[in-house]
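> These are the residues of each chain, in order.
Protein chains: 2
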Amino acid sequence: MKIHILISISCLLFISALQSRTIHPILTLTKSGLADIRKNINKAPIFKESYIQIKSDVDEWVKSGVNVPVPKDMAGGYTHEVHKRNFLMLQAAGNVYQISGDKSYALHIKKVFQAYAAMYPTLGKHPAMRSYARGKIFWQCLNDANWMVYASQAYDCIYETLSKSERDNLETNLFRPFADFISIENPSFFNRIHNHSTWGNAAVGMIALVMEDDSLLKRALYGISGMGAISGVDNDGGTIDVNQSAGFLAQLDEAFSPDGYYSEGPYYERYAMSPFILFSQALANAKPELHIFQYRDHLLKKALTSLLNMTDSKGRFFPINDAQKGMSYQSRELIAAVNAIYFYEGQDNALLSIAESQGKVQIDQTGLAVASAIAEHKSQPFVKNSMLFSDGPKGNGGAVSVLRQNVNGFENACFFKYGIQGMGHGHFDRLSYSLYQNQNEILQDYGAARWVNIDQKAGGVYLKENQSWAKQTIAHNTVVVNESSQFGGNTQRGDLYPSQSYYFDVSNPNIQIASAVDTNAYKGVSLHRTLCFLPDESFDQSMLIDIFAVDSDTPNNLDLPFHFGSQLMTSSVDIVVPEVQLKTLGKTDGYQHLWKEGHGIIDSTQYIISWFTNGVFTTQYSLAEKGDEIIFARIGANDPNFNLRRDPLFIHRKRQEKNALFINVISSHGNYNPVDEVPINSYGPKVMIDLLLNNDAYTIAKITTGGKNIYTVMISNKNNTPGQSHSVSINDVTYNWKNAVSVQKIKI
Amino acid sequence: MKIHILISISCLLFISALQSRTIHPILTLTKSGLADIRKNINKAPIFKESYIQIKSDVDEWVKSGVNVPVPKDMAGGYTHEVHKRNFLMLQAAGNVYQISGDKSYALHIKKVFQAYAAMYPTLGKHPAMRSYARGKIFWQCLNDANWMVYASQAYDCIYETLSKSERDNLETNLFRPFADFISIENPSFFNRIHNHSTWGNAAVGMIALVMEDDSLLKRALYGISGMGAISGVDNDGGTIDVNQSAGFLAQLDEAFSPDGYYSEGPYYERYAMSPFILFSQALANAKPELHIFQYRDHLLKKALTSLLNMTDSKGRFFPINDAQKGMSYQSRELIAAVNAIYFYEGQDNALLSIAESQGKVQIDQTGLAVASAIAEHKSQPFVKNSMLFSDGPKGNGGAVSVLRQNVNGFENACFFKYGIQGMGHGHFDRLSYSLYQNQNEILQDYGAARWVNIDQKAGGVYLKENQSWAKQTIAHNTVVVNESSQFGGNTQRGDLYPSQSYYFDVSNPNIQIASAVDTNAYKGVSLHRTLCFLPDESFDQSMLIDIFAVDSDTPNNLDLPFHFGSQLMTSSVDIVVPEVQLKTLGKTDGYQHLWKEGHGIIDSTQYIISWFTNGVFTTQYSLAEKGDEIIFARIGANDPNFNLRRDPLFIHRKRQEKNALFINVISSHGNYNPVDEVPINSYGPKVMIDLLLNNDAYTIAKITTGGKNIYTVMISNKNNTPGQSHSVSINDVTYNWKNAVSVQKIKI
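The listed protein sequences derive, respectively, from chains A and B.
So that you can map any letter, position 604 of the first sequence is 609 in this note's numbering, and since no number is skipped, the others follow by simple counting.
So that you can map any letter, position 140 of the second sequence is 145 in this note's numbering, and since no number is skipped, the others follow by simple counting.
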């Protein structure tokens, strides 16, 4: 099937090459789009405001003159930021020229390009040596590709204003050598399946469409032909393996799962969306016969849908893997994606409410369509759903899933991760989850240790603490075996062995279940975690039941961390706190970054810990064995440059267990604000956890909340055949259920 | 003068006692006010919304039945919260009854009062033993007084619906013994100058006005007659000294400075405003001849003005002394104050913009007036000014001052403190300041160590870390001498010796100067700090020049902490960070709560440290001597219950100095947000600090910023005679200026 599509596209390309020359612009902006814009701009206020804002930015840029400095600095430094501003403003100025018709913009763009064309042939590789694929304008080819994706749009916009000799100069001295440099001269950057390469493919493809160079376009779509094998490791620890399919279509095939999930997680999916969307928009305009947006069963729309669903109530992406916290669907990449998918993929009016919250649109025909529809009051709410997104190109690489409930005005969400490693940006965090109430992180994922583009922090690149802390298993809400990270901290092994979805059912919105297993993260250890998400009357919002079984060939030490990241309220376990000195919790695998702030021995079979996060109380009720330990720790040890946040966590530690079972019940409740100073429901209700059965075949537990509800969670540990009936008798009570996991709720 | 006024008021009281009985309600709600409300409610949307909201709360309270449990719990516990809800809802239900005319509300209020009347005679003191003045309904008389301030309004509202025998029952069994209990039976609570006593005075006075009991009213206004001396210390470490003037009028005379500043700081001034405003409103209605709002040259309006000016850009009070952060002019106390001052004190339309941001009004005639004026578009912006507020009843107890500049859309503010101790809630923080950019704390005051009303945290009262950390000098941005707190940590001594304003001039909005001295905080040590607040082009916002001279009889160790509380960006000093263990910085005076995270020796005469706070960069440039030290510390040691925030600070340490001078230049600049990921102006400009002269008589320093501006700061250290001319020659250059401090700005 895939091969068939590829052949079809090759034929179409051949046919289109025979057609007559196009009239520019043809890339992201079109002649017919421009006519619409000029006609309807005053009926589309958001478009007009976006245009005025961009024009004002462009005017300031033009006023500041032509500034094309010799490349020198890392991200965040002067020359980096000037060239970055240049490419963004080149693109914007091109659109402003086309919309306003004011030739002074075209003239300025031409001068800037001529300055680049004069400098480019004189440049060697960028002096900064940090990248596996150094660029010429920037420290890495990736940024050079960014430059060309935007610059090609500017070139398209002024194409018709240039003389043949002017075009020849730019193409000979700048665009063609530039496209060759980031492709055939840097195959380890261009010719693999990776978000970096997608930028490279789009850059080469977009300049090819402007120059109508079909050979370059083929390189962009199918990769460099006749490449030998190259292998290595990139700056982020990702595998470079060039002996495989490559090019833009291969990225669409390989980088996404069939559900539109991108293996590096939403932060990078957001970043990767730009080249996918911009090049696809250019292909849809210049090569409509490719039906690029329909490719792989409307993959790009699915990708956008997955992104919008992997966000908290403020639209911020769940920060799994190497993600900078705070990135959201307000970003320019998502504005472009929402606009393009709306325009090319069936005018889904639910996207308009996202566009409204973005408050800006692209100043092209896609933005006009969105702004006009908003002005016509077509906007519908975008409803986020509980969903599973399979991982891996074939969808068999495990998954991530979101459980969501809106209860009494609270947006509760749990994001559960059990896919593939996610290449160089992946973390060793199989079976971890993060928990949200509205925009509050009740249990957090640390995210990346990086200040993107902030020069003071190692030039804005990944900090060494990203490797030594943020990627390690202890930095996540999942079991650490023998104080070692999953896969021995080896990214390549993590990429080879996905976890697997064991059961997923959200058909009953009030009993949502996700269950997953991993048998590869630790040798000889099976990890099996089941999450049940249920609105409970005693909490007035969603309660999470978290059952985590760890079965090993040999006894192991097990640490289950809870990154509550906020203010401890109470602990039922007596905690001994060191008074005059703090020590680190370990020496490797992230433990060297933890100060041990407190320690307690659990002397009962249940413990309770509660905390307070931005005005919200949360209580956790845990099943324990006497002698288990609680460790309070704080991030920040071995951090000579003060790069890490001093966030707290606690760890439930079991020593030398072969078959361990953690059961945790966690829910937020109540609230408090410093203006009213009145705590509401600051104590969680009474909760009892009874483990009725736990053997190889079955686990059955009973959770009683607030004297009101009893939940019986029944898990078939080995057989997850859909529809399979199970029956177990315990003390004359028979438990019957269907499927791998079932929850029965009884009101007392 | 004061005596004259008191005599007049006594005469008026006597006259009014001869007048005929009033028609209720007469306290905070009046008959004529009710007529206005019924007539205009539909023309005043904010009033109507407030009424609907309150009515809905009251309906829910009525529906839940009469609940008057036997008192048992501390703040945050069940019986505490039920009785607190009761008094708030009694008052609200009274107003709802009067506005709606629905007698079922009056009936419910009567039943609740009858339940209290049945229980009250059976009660001893509250079982919790923590208070210096235990209440009966609550753990402290203070809360009992709160109860009566609100309950008296409810009694007033239903007064006319009750039979004589019903009133007799309530007055005999509840109101009179209640009033006696919180006054003559608890003189250490009632008869001193303190916010607690103000509540007591208002409670007794308000029930007196309803019952028309002039003897009780006199007790409220003038204190208990014929009291002997009582002395002691209250729960907060404040002095109890009952052998002085007392009663409500004495509170107005003694608790405020002539500028309306309240010695405990804005957090407690806000709290204290309720009894002042509510009782004054009742007096203005029931005893208009007292002209209570005009008392002491319109003191209460000045008090409100001081409160509104001591806030950040979100209306949150500067958290000096024992303040819970986040408390703001959105609080119910400030709603009442804004409404009452608007109504009784000249309809200042600038108050309407504050009322708009509060979004609610009182449901009485004052709230109606505000809501109606807003509906008539009379609202004007409330402009916050640079101001000095003298401290102490006579205005000679030092001061606090606010320097403010709005530059390029940034609200810059510096709050400088050099008053009296502020009684039991005062901190040992003379000459400290906090610095704000918009709502961001660039240099913070820690505030109090307390979760108000949160039961889990020691019952919601002050934590022991409030004494051991929050009050100590090292917890503030001011010099600590020999690692000991000011006044040896003795509150009584702090109350005796105010600091003094040395110079204050904000007449030029672009060169604002505040200078203050303290010679009592440390024996044999003179502290003199001068702050200059100036908009600077290189920073694009306000720059603070901070010159702090410490002159001692003998050599001392000096620590100047900077509570930057956020993310360190860079330090020009090499910092050695311990890898495997952290130690505390000291053993007493707050140092036992600090972990020493890093240490460096300054090897030049200037050092630079920069940090990042909620998207804003700040750089500090400091004059130093070689061999001075920088210590990075973090709060949180010796904190067995995890009560303290883990905020960072750094300390500039000088050892064994007799005459030391700290010069710091601090300014925020630029911004960064995680959606755009583009740092703007992330580096501060080049700044040079040259100390030209520093002797007993004069200090002259030259600050050069960004190669653009030179500021010459000239200080006369001994002579601050207003208008005095000074002339100093250094290397053939003569510096001439007038007044104690002057700044000359020259563009290069």
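It is possible that some hints are incorrect.
Which copy is meant is left open, so a pair is good if it fits within one copy or across any two.
Straight-line C-alpha distance at most 25 Å; calculated BS3-like pairs for lysine-lysine [claimed, not checked]:
#1 LYS77 with LYS691
#2 LYS68 with LYS713
#3 LYS601 with LYS588
#4 LYS752 with LYS44
#5 LYS743 with LYS223
#6 LYS292 with LYS130
#7 LYS89 with LYS108
#8 LYS36 with LYS48
#9 LYS601 with LYS469
#10 LYS691 with LYS116
#11 LYS60 with LYS77
#12 LYS116 with LYS68
#13 LYS319 with LYS723
#14 LYS68 with LYS592
#15 LYS663 with LYS48
#16 LYS691 with LYS528
These aren't lab readings, by the way, just hints derived from the structure by calculation.
> Determine for every hint whether it applies to the structure shown.
Tested hints:
no.: 1; hint: LYS77 with LYS691; verdict: between (62 Å within a copy, 21 Å between copies)
no.: 2; hint: LYS68 with LYS713; verdict: between (69 Å within a copy, 22 Å between copies)
no.: 3; hint: LYS601 with LYS588; verdict: both (6 Å within a copy, 13 Å between copies)
no.: 4; hint: LYS752 with LYS44; verdict: neither (62 Å within a copy, 51 Å between copies)
no.: 5; hint: LYS743 with LYS223; verdict: neither (52 Å within a copy, 78 Å between copies)
no.: 6; hint: LYS292 with LYS130; verdict: neither (34 Å within a copy, 86 Å between copies)
no.: 7; hint: LYS89 with LYS108; verdict: within (23 Å within a copy, 71 Å between copies)
no.: 8; hint: LYS36 with LYS48; verdict: within (19 Å within a copy, 54 Å between copies)
no.: 9; hint: LYS601 with LYS469; verdict: both (22 Å within a copy, 23 Å between copies)
no.: 10; hint: LYS691 with LYS116; verdict: neither (72 Å within a copy, 33 Å between copies)
no.: 11; hint: LYS60 with LYS77; verdict: neither (29 Å within a copy, 67 Å between copies)
no.: 12; hint: LYS116 with LYS68; verdict: within (13 Å within a copy, 76 Å between copies)
no.: 13; hint: LYS319 with LYS723; verdict: neither (39 Å within a copy, 57 Å between copies)
no.: 14; hint: LYS68 with LYS592; verdict: neither (55 Å within a copy, 60 Å between copies)
no.: 15; hint: LYS663 with LYS48; verdict: neither (68 Å within a copy, 73 Å between copies)
no.: 16; hint: LYS691 with LYS528; verdict: neither (39 Å within a copy, 56 Å between copies)
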